[in-house]
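Undergrad: Residue strings, one per chain:
Number of protein chains: 2
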Amino acid sequence: MTQATNRQVLLKSRPKGIPQAENFEIQETAVPQIQDGRILIRNIYLSVEPAMRGWVSAVANYSEPVPIGGVMRAFATGRVDQSGHPDFVPGEFVTGMFGWQDYALVKPETIQRKVDPSLPISTSLGILGLNGLTAYFALLEVGRPEPGETIVVSSAAGAVGSCVGQIAKIKGCRTIGVTSSVAKAKICSDEFGYDAVVNYNSNDLERSIGRLCPDGVNVYYDNTAGSISDAVLQHISVGARIVICGTASVPSWDPPPLAPRVERRILVRRARMQGFLVFDYADRYDEALAILTDWVKSGKLRYREEITNGIESAPGSIASLYRSENMGKRLIRIAPE
Amino acid sequence: MTQATNRQVLLKSRPKGIPQAENFEIQETAVPQIQDGRILIRNIYLSVEPAMRGWVSAVANYSEPVPIGGVMRAFATGRVDQSGHPDFVPGEFVTGMFGWQDYALVKPETIQRKVDPSLPISTSLGILGLNGLTAYFALLEVGRPEPGETIVVSSAAGAVGSCVGQIAKIKGCRTIGVTSSVAKAKICSDEFGYDAVVNYNSNDLERSIGRLCPDGVNVYYDNTAGSISDAVLQHISVGARIVICGTASVPSWDPPPLAPRVERRILVRRARMQGFLVFDYADRYDEALAILTDWVKSGKLRYREEITNGIESAPGSIASLYRSENMGKRLIRIAPE
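Which chain is which? The protein sequence lines are A and B, in order.
Number 296 in our numbering belongs to position 296 of the first sequence; there are no gaps in the numbering.
One rule links them: number in our numbering = place in the second sequence (from 1) + 337.
Bound-form chain A, shown alone (with noise of 0.2 Å):
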């Protein structure tokens, strides 16, 4: 069963800004032998995150930057192809940081956890990974949305949006999704449960949260910052919280762009914003994949992927997604499950 070569995706230069497929490329090297009790796995889905941009660039950042010439970081989803350690046996289903290759030599702490196949596995770098667990902690223990509170989210369909938009909805808010197209303000409403859209593309989105929230946004899930937030923050309450996920929509922090500045609003509105990392959490994980397991099974929390195959179109994904071109979960298969 094991390819004769790894393929692997390097990163090949430092981009300016949005990584683009130029920035990496692939190269084939021998599959690599267990040793030492490691664990050999064969990557399936490798994932595509808006936060590569931040382990690509040189600025200082949570992470160390992947090096020139490393392979990309990568969270990825495989199966134990060969292993030299118990706890581990060929066959079974792993996720954790593998990166954008064929195989990854790892060891067992490197293997964040074995993925149940009841639900497709793809779902462990999406709704039942990284973006779900980024929507869960971050709404819940930072936004601390109450019931009857209006929360606006930005990115509104993406991955971690969609889920956000849906865990507030089950926790009794009133939900208001931002997002670019007519085709996600459709999957917004129809999917995700919004109870009202913005296509910020085609209208005035400052005056539209206005007319959307007459007492004021009580949390703002802010995965893109730029012009958006700009609208948003017009529009807090009194006592707002203002979760910084993500920074989507600005091309480049180096230096970085100009805004209104924003502490009077805050302190005005005795609003609070925080700035989130999942990372901050790992050891909570399993209380909420348990939650969110549960809901995904009962129908309660849906979920898009776009799924697109083989190895070849990963040094191009990153940008695609900054050009908002995913609708779901933007994942690479490069094997058959």
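Worth double-checking, as some hints may not be accurate.
As the list claims (entries may be wrong) - Here are some chain B residues pointing at chain A (derived, C-beta under 7 Å): (1) Y399; (2) A562; (3) S564; (4) W590; (5) P594; (6) A596; (7) P597; (8) R601; (9) I603; (10) R609; (11) G612.
Derived by calculation from the structure, the hints in this document are not laboratory data.
Glycine included, every Cβ here is placed at the ideal spot set by N, Cα and C.
Here the structure of chain A is known, so what remains is to put chain B in place on it, guided by the hints.
TA: Just chain B now, kept in the frame of chain A:
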């Protein structure tokens, strides 16, 4: 003892930016007669606050704007002159929002509290008034400093900042003050016990903060906003708390000036930026005043006052405050104690 006339400082025109002397006028009217259980108070000290800029602004705020032609809203401390209510007797010292005027005829609920004359009664407007309460709740409830953490305070010598720095020391923090002159820097070190002080007018603030806080700023207590904050934000630690208490360095918020976008740094450092308004803690003032009074009496908490004489100095006093001319809590004495 009662004068024949009541001098009142009225808001004559709405300022654009910092209120200037010409935005006010002084009128003389008859001293009001007590009626309907009200209390006539002879004001002795009038307070001058940076927040007054907000109170006279037509821009949406946390309180209704002072109307044109209305007596300027202000905290004051005075003596009960005549009382129509059994809870207050002539001769008692009281504090509350009595306005910039010689006499205030108020309902009992307008009186915030009686003032203990065992300490100078002027303290009721500063260290044992709005400023001390602001420092206490904003630092402890929003900033939540831990022993050993590093805190940076802007307007470090100011009425609020100096109290923040000292409470942070009491709580075991390392304190860095940011101030605007050599004289104020000396006061910060000698009187308020800051571990280090940066005069931003004679140093590169951003580099100084970086040098003084090699492990990052855990709490930034922000009284200024503006370029001071932009510099400090470069050096916030993971998990930093940014207390937005005032925006003294920004001359106008209509429209908000441009600044480097904060979202990326807030995200990467998982920082929390939160606005504070002392009035939200009104039901806990007694608790804080008891502690602040103990600290003042035991010499742990020092304060400075800068007192001018005569109601004629009121109209220009806010502008003077924003020119950073004062060396302590700015008060106006309009009658003998």
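Undergrad: Hint by hint, note whether the structure agrees.
TA: We went through each hint and held it up to the structure:
1. With 7 Å as the threshold, the beta carbon of Y399 (chain B) comes within range of chain A, its nearest partner Cβ sitting at about 5 Å, so the hint holds.
2. Hint status for A562 (chain B) relative to chain A: holds, with the closest Cβ pair at about 4 Å, below 7 Å.
3. Annotation: interface hint on S564 (chain B) violated; nearest CB of chain A at approximately 11 Å, more than 7 Å.
4. Because the beta carbon of W590 (chain B) sits about 5 Å from the nearest beta carbon in chain A, less than 7 Å, this interface hint is met.
5. Look at P594 (chain B): its Cβ gets to within about 5 Å of chain A, closer than 7 Å, so that hint holds up.
6. Checking A596 (chain B) against chain A: minimum C-beta separation of about 4 Å stays under 7 Å; hint holds.
7. Given the 7 Å rule on beta carbons, the hint for P597 (chain B) holds: about 4 Å separates it from the nearest Cβ of chain A.
8. Nearest Cβ of chain A to the Cβ of R601 (chain B): about 5 Å, under the 7 Å cut. The hint holds.
9. With its C-beta approaching chain A no nearer than about 4 Å, I603 (chain B) sits inside the 7 Å limit, and its interface hint holds.
10. At its closest, the beta carbon of R609 (chain B) sits 4 Å from a beta carbon of chain A; the interface hint therefore holds under the 7 Å criterion.
11. With a least beta-carbon distance of about 4 Å to chain A, the hint placing G612 (chain B) at the interface is held under the 7 Å criterion.
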